[in-house]
Amino acid sequence: MHVVRKTSYDQDMRLFAHRGVAFWYGVLAIAALLAPLALNTYYLSQLTFVCVYAVAGAGLMLLTGYAGQVSLGHAAFLAAGAYTEAILQAHGIPFVLSLPAAAAVAAALGLAVGIPALRLTGIYLAVATLAFAFIVEEILARWESVTRGNFGIAVDTLAIGSLRFDAEWKFFYLALGVLVATLLAVRNLLRTKTGRALVALRDSTIAAQSLGVHLAWYKTAAFGLSAGLTGLAGALYAHKIAFISPEQFTIMVSVELLVMVVVGGLGSLHGAVFGAAFIVALPQAIVFAKGVLGISGSGQAAVDAGVFGLLLLLFMLYEPQGLYGRWVKVRYYLEVFPFYRRATFRRQKTYARTERLQ
Amino acid sequence: MSLLAIDNLSLHFGGVRAVEDVSFRVEPQEVFTVIGPNGAGKTSIFNLISRFYDANAGRIAFEGRDITAIAPHEVAQRGIARTFQNVELFEHASVLENLLLGRHVRFRTRLPFELLFTPSVRAEERAHREKVEEVIDFLDLQHYRDTRTGSLPYGVRKVVELGRALASGPKLLLLDEPSSGLNNEETEEMSFWIEDITQELGIAVLMIEHDMALVREVSDRVLAINYGRIIAAGDVESVQAHPEVVRAYLGE
Ligand SMILES: Nc1ncnc2c1ncn2[C@@H]1O[C@H](COP(=O)(O)OP(=O)(O)O)[C@@H](O)[C@H]1O
Ligand SMILES: [Mg+2]
Chain C
5 MHVVRKTSYD QDMRLFAHRG VAFWYGVLAI AALLAPLALN TYYLSQLTFV CVYAVAGAGL
65 MLLTGYAGQV SLGHAAFLAA GAYTEAILQA HGIPFVLSLP AAAAVAAALG LAVGIPALRL
125 TGIYLAVATL AFAFIVEEIL ARWESVTRGN FGIAVDTLAI GSLRFDAEWK FFYLALGVLV
185 ATLLAVRNLL RTKTGRALVA LRDSTIAAQS LGVHLAWYKT AAFGLSAGLT GLAGALYAHK
245 IAFISPEQFT IMVSVELLVM VVVGGLGSLH GAVFGAAFIV ALPQAIVFAK GVLGISGSGQ
305 AAVDAGVFGL LLLLFMLYEP QGLYGRWVKV RYYLEVFPFY RRATFRRQKT YARTERLQ
Chain L
43 MSLLAIDNLS LHFGGVRAVE DVSFRVEPQE VFTVIGPNGA GKTSIFNLIS RFYDANAGRI
103 AFEGRDITAI APHEVAQRGI ARTFQNVELF EHASVLENLL LGRHVRFRTR LPFELLFTPS
163 VRAEERAHRE KVEEVIDFLD LQHYRDTRTG SLPYGVRKVV ELGRALASGP KLLLLDEPSS
223 GLNNEETEEM SFWIEDITQE LGIAVLMIEH DMALVREVSD RVLAINYGRI IAAGDVESVQ
283 AHPEVVRAYL GE
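Residue numbers (the numbering used here), protein chains in the order written: chain C, 5 to 362; chain L, 43 to 294.
Since the hints were derived computationally from the structure, they do not count as laboratory data.
Do not rely on the hints blindly, as some may be mistaken.
Stated by the list, open to error - Chain L side only, calculated, beta carbon under 10 Å to chain C, not exhaustive: (1) R67; (2) R107; (3) A111; (4) Q119; (5) F132; (6) N140; (7) F149; (8) L157; (9) E175.
Claimed, not checked - Taking CB as the label site, the calculated pair distances span: (10) L:P195 to C:A21: 51 to 61 Å; (11) C:Q15 to L:V288: 50 to 60 Å; (12) L:Q71 to C:A185: 48 to 58 Å; (13) L:S162 to C:L321: 15 to 25 Å; (14) L:R150 to C:A158: 22 to 32 Å; (15) L:A283 to C:Y13: 32 to 42 Å; (16) L:D96 to C:L124: 15 to 25 Å; (17) C:I143 to L:D182: 58 to 68 Å; (18) C:H22 to L:Q71: 44 to 54 Å; (19) L:T160 to C:Q15: 15 to 25 Å; (20) C:I255 to L:T160: 35 to 45 Å; (21) L:L292 to C:V332: 47 to 57 Å; (22) L:G106 to C:G181: 35 to 45 Å; (23) C:V184 to L:R187: 57 to 67 Å.
Don't be surprised by glycine CBs; every beta carbon is placed ideally from N, CA and C.
I would like the entire structure built from these sequences, with the hints used as guidance.
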């Protein structure tokens, strides 16, 4: 186990707690950069999906994992980003402008939901965002003059100037770059005033307010930022799948995104990335399992939905810290072996807080 | 001019008159204590000052300015900080982060710069960290700096909550039952801190407290309420000896 000796205040502001951590992130960065050499096109493509999903995951993690607001409507923000990107590109707007525009449109939509949702929490907020996503899905299908309705839009190969992202490895590097930038920005936010305020509102709204945290402003900002990042992912997603239609942004996608942050581990950015990898790997694992068990392949979508739902439930009940939490425990076990105490991570009983204002 | 002026304040929950026509003044640097049996309306007065509840009647003024209708988050900006009867810490955050949240209203950083963690943001984080360290030293919290507050013993949590309120640099501190849940030793310590807070830091304290030994030790003036109404006010001895107060505590 590594015990950190602290000698300056800046140490607590660092991105990496100590050199060992920085080292492993370096290894990870090199591995990611070398991935196109080691992986065939199919696996590289899956890894690209992980990056794209993780960007959306970071967005939803900010809202659900840190600000404590559940959203069952994030497919709508993904769609907003994807359609904005596709439509702007079709109009010849360069990517360096259309990408921020995609994020901005989604963020604006997020603010539009966030403000009326201010008074809602928990299950009510989940239902409201769910309803919102249905409306957006309907609009995408009906507003044919702009979205081409159920015909969908074919999305051209991405190009920045003369640089065309026509090979899988090129697009992978782009997605990786966007992911790293996203994670850095969110991480920065979390170690400053705004990030702390979001966590404060989640843990105790009244205490946060008594310290001067402007509830409406921060909750709305969380929605806007979260939606914006999801829109960013949406723009990449549109290029990755090259064809978008309302069917790609159904409630199932919203659930998938939520499963991603819950299974990954609420309240940790690592969790968003772990969750993204999980979401991408799961359908393949299901196909594989069905092959092994000799179940013939009808209704993959229904099986996926069932497995997602079940996992969501199991993780919430038995591993609320998600895959990341599980990983932390395993790592700790290995570090202190053979002195592991089972009680180390036992959840502490929290004090009753029924009489919140008394 | 009084620091805090409460005039004819009333708060009703349906038929329950939680606060009824209450008036009092808190002067700079004094310890003003509100006593009264459970359900008397003490916490409700705090929640009115914090602007969690809207008063049905009356006026609250701080430093001569009316704060009866400001937003809850503006109360801290004016210089009023508080603790809660049941300890409201941010349980998933460390002691350090809780205390930094105490400085929330003092931060001037803006979202776009925070996303980039610019040098100006870093400089400000550092400056506030120094202020927080002063509070940590003042309350002897060095050991717990990086501990998640959810895993701290109750007594330490109360101190952290006090520290968080102090970190905001208030002119008036509202303490809701600072000794509840503390053992004798911790209560003793709490009384020293309250004295230091008023005498060394020059902060006025408005406190709700049941432990009469603590009340006697630190209070300059005492107000007793029952069923939302003032039944006695003055120095500790006279309020404690007041027949209505005796009756309220013995129960009728
Ligand atoms: N949010 C609320 N809704 C309804 N009644 C309340 C509420 N808060 C307090 N009360 C009532 O107001 C009265 C005063 O409560 P409170 O101020 O908490 O008392 P104290 O702090 O003196 O024990 C009690 O009768 C209590 O039940
Ligand atoms: Mg009370």
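Can you name, in rising order, the numbers of the hints this structure does not satisfy?
Checked against the structure, the hints that fail are numbers 1, 2, 3, 10, 13, 14, 15, 22 and 23, while the rest are satisfied.
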